[in-house]
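Enquirer: Protein chains in written order, with our numbering: chain A, 12 to 300; chain B, 321 to 680; chain C, 128 to 407.
Hints may be right or wrong, so weigh each one.
[Said to hold, decoys possible] With beta-carbon atoms standing in for the labels, derived distance ranges:
(1) B:D327 x A:R293: 50 to 60 Å
(2) A:S52 x C:L273: 40 to 50 Å
(3) A:P213 x B:S342: 27 to 37 Å
(4) B:I449 x A:L22: 49 to 59 Å
(5) C:A229 x B:Q670: 34 to 44 Å
(6) A:S52 x C:A229: 40 to 50 Å
(7) C:P160 x A:S158: 27 to 37 Å
(8) A:F54 x B:S339: 57 to 67 Å
(9) C:A364 x A:F54: 51 to 61 Å
(10) C:S143 x A:I204: 38 to 48 Å
(11) A:L22 x B:S447: 19 to 29 Å
(12) A:A66 x B:D375: 49 to 59 Å
[What the hints assert, rightly or not] Listed next, the stretches of chain A that the computed footprint assigns to chain C, with coverage defined by at least 3 CB atoms under 8 Å from CB atoms of chain C:
(13) 57-66
(14) 112-118
(15) 284-292
The set of hints was computed from the structure by calculation and includes no laboratory data.
The beta carbon of each residue, even a glycine, is placed where N, CA and C say it ideally should be.
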Amino acid sequence: MTKLYGRLFLLPGLFTLIAIIIFPLVFTIALSFSNWSVANSGFDWVGGRNWSAMAENDRFWASMTRLLPFAFLTVVIQYVLGFAIAMFAWKGVAAGRFFRVLWLIPMMTTPVVMSVVWKSIFNETVGPVNFFLTAAGVSPIAWLSSSTPAMFAIIVAEVWQWTPFMFLLLLAGLLSLPKEPFLAASIDGAGPIRTFFAVTLPMMAPVSIGAIIIRLIEASKIFDTIYAMTSGGPGSSTETPSYYIYIVGLRNFDLANGATLSLTYLITFIVLLTVIAQILTRLSKPKGV
Amino acid sequence: MALVGHDLSVAVDDVTYLSNVSFTFEPGRIYVLMGRTGAGKTSFMRAVSGLLPLDSGSLSFNGEDITHAPVWKRDCAMVYQQFINYPNKTVRQNVEFPLRKAGLSGTELSNRVDSYLAKVGMTEFASRIPSQLSGGQQQRVALARSLARHSRILMLDEPLMNLDFKLREQLREEFLELFQGENESVTIYATTEITEAMMLGYEILVMHEGQILQSGKPEHVFERPKNKLVAQIVNDPPISIISAQITGSKIVLASGVTLPVPTHFRSLAEGTYEFGIRAIDVEPATDSASTESGEVGFVEVSGSETVLYLHTKAGEIVLQIEGIHDYHAGQKLSVALRPERMFVFDDSGQLLGSPKLEVS
Amino acid sequence: MLMKRVLTLAFVTFWSIFVMMPILWALVTSLKPPEAVDFGATFIPFVDFTPTLLGWESIFGVGGGSVNLVPALFNSIIVTFGGAAISLVLGTVSAYGLSRFAYKLGFIRNADIVFFFISQRIMPPIVLSFPFFLMLRNLGLLDTHLGLILVSIGGLMPIVVWLMVDFFNGIPRELDEMAMLEGYSPFETFVKVILPLSAPGLTVAGMFAVIFGWNDFFYPLVLTFGQVVTLPLAIVALNATITPYWTLSAAAIFAILPLVAFAFAMERFLSRGSLSGAVR
């Protein structure tokens, strides 16, 4: 009898999720073996044709190789900055509700809307960034029409948006650390820098890894910022996999190819994520234990 | 009107929780489950309440088979060790909650609640919430909530374990009063302490590793433990077990010390046996007759008694002395062993004789 | 020592300014008349330019060449709260099951099922967007509130399950047992005993669901064609056409305001309540 109740609790949610996720996933796999596009709708079997096309799709692979350093860079910056401000909010100058709330604001805004604002900020003629650059005697930069500055602008937008997330998780972690190791360290005469690297950072390892992995997952999916700020441009130099696949599948309506590309993206993503998670966990284990 | 369990067994992932447990419990009586931690007392109660599903065996109440009845239909009340109450309800609401579910309302409800709050002495705290109460008070509320239900089965799982010593003594007395009243439930009480068992139990069941070793009236089990294991479980401080021989008409200890054979061991044949003596029956020696000497290994002062653990050539001997005395480890001590207070077990551990049981 | 103090203060100040900068910029720009924008950046109202309400009026349909964002606001509210509510109910009920009952399907155990739920967040939306598009089209649910709500559940339920399983695990199982011993079936126990104790957890889960749901841009972009336009989508659409900056900025501020207000309200509610200990 109790077993029956147990099932009643879990099954509605589980079935809904399976319907919304697994079923479409199978659909996507089927699509990848078809030639569904504007011209042909329906599942006509074409074997592995889409898959070999995918392997030769230079633009796709360019977007994939572009994503890796981008995701890493943006997450690392968010982590370092987030940890820094978390330290200040924990015990430093900024410990207090005012700063905590203030620094969380970016996270509460809608990312794509803020990307629109950032686009206007980086506007080459009327945006404040170039205004300050010229005021400082530096020549204005063509932010969104050259590839490297465009990347930079996107990273700034992402850092602004998501550092508070790191901040939130890391601060919560710091607040729940036990006091004893710190007392021991101060008795041993360790200064603040030594204490940080020998005590704080190691103890924050699990929280750090969790936060980094979550942010890596989200950063890899990036779409909104690209769409709003650069539309993948100039050319295709800021295209990320999500954006490119969107163009293929939902602008050009080449669903079969889109499905194939998205599955490749998913599998690569999962494999890399697992590897990274393993590396991080191994790195954090104390040596000799 | 009896709760009958027949051959109950439960094992999960290679761990045996209950093994062939059978019993017949009458309403209005208190049955005490005695045993060490992990003996199966909690599993017993969880099986009776339905919280632990049985692998085999059957359970019935009043002839009605409840082996497969769901927990919420068994009319069981349980008082836990860790004083659990509904944290977001007041004391009064806590006691009312199950009664409402049982269908009580109006004046009948409030009278029942008032009467049980008074019985546990919590009337003036009726509008507090559990987090505002002390441990003892919370346990009283839990008690009131369970007792007020007049459920057909009432179970208490070491309810006094997490309270301090003084409170334990006080509540033990109160239990006796509470259970004396109009209690028609089959009451099952689990404890590790023999004092509680003796005080409260109509019958005690000694449990070990999921099995019932012996059941019977407290005095009976205490004075006639079926075997060494039961004797060890029901005695606190531990009973001393020493190997010795019967030769001629003397008991010869391993150290060479001889003791006269007491009357109740008259019929014992010569040979090697294991003798048991309670800590309370061992005293520091005043003269050199019937004494064994050794070195104090460990001293324990508890309540108003001193317990000494002695290493002697005859074996490990435990003695309990009234009052608080200043002994220390390494000290040499001689003790007198009174043969008339001894138990004797055969080589398989079965009881052959005790002060109240003559060897046949 | 002083040097360190100065440096930390400088950093804190810099970061605080950086945090406020885009929002302040948008706010200030929303008050600018055309002249203040077209010839370069201007900053301080009344000093660099005279503020007007032109931008703000234009987002409510006043003035020529304007747009009305109010319908988009309502669409966002309906889709977000609809999706969050359903996800909260389904997710909480599942989470309770996962916390209290031991499931066994072959070698699959509770922890595996929880992982399954949580892992859905790893799925990039693009992967499912093609089947969603085709399926909704066949069901006639493209460009409808219901269609967007259904799709959002897949992304929001994992969040709810993740938070609530953790929360329920923090409520002693003995409470459930007590209620059952006292005659309540598991379902009654859930509703009458556990849910009343779950307010803090439900609030946090609900809050996250609303935030994630509101900010979703991808699915509204892909699955609508102009009937059911949510607020973020409307803002980006403005960006694509030649929209004056004062309108765009006013629109941006208008778009982020509801969520920021919501988040503040929840934060207030939570720090007053017993958050510490509820979400561990």
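Enquirer: For each hint, tell me whether it holds in the structure or not.
Expert: Hints versus structure:
1. B:D327 x A:R293: 50 to 60 Å: holds, 52 Å
2. A:S52 x C:L273: 40 to 50 Å: violated, 24 Å
3. A:P213 x B:S342: 27 to 37 Å: Once the Cβ atoms are compared, 56 Å apart, the range 27 to 37 Å for S342 (chain B) and P213 (chain A) is violated.
4. B:I449 x A:L22: 49 to 59 Å: For I449 (chain B) and L22 (chain A) the Cβ distance comes to about 36 Å; the hint is violated.
5. C:A229 x B:Q670: 34 to 44 Å: holds, 42 Å
6. A:S52 x C:A229: 40 to 50 Å: Distance hint for S52 (chain A), A229 (chain C) holds at roughly 46 Å.
7. C:P160 x A:S158: 27 to 37 Å: The hint (27 to 37 Å, Cβ to Cβ) holds, given that P160 (chain C) and S158 (chain A) are roughly 35 Å apart.
8. A:F54 x B:S339: 57 to 67 Å: With Cβ atoms ~60 Å apart, the hint holds.
9. C:A364 x A:F54: 51 to 61 Å: violated, 33 Å
10. C:S143 x A:I204: 38 to 48 Å: With Cβ atoms ~24 Å apart, the hint is violated.
11. A:L22 x B:S447: 19 to 29 Å: violated, 42 Å
12. A:A66 x B:D375: 49 to 59 Å: Check passed, 57 Å falls within 49 to 59 Å.
13. 57-66: violated (count 0)
14. 112-118: That given contact holds, which follows from 6 residues of the stretch 112-118 of chain A lying within Cβ reach (below 8 Å) of chain C.
15. 284-292: violated (count 1)
Going down the numbered hints, you'll see the structure goes against 2, 3, 4, 9, 10, 11, 13, 15, while the others check out.
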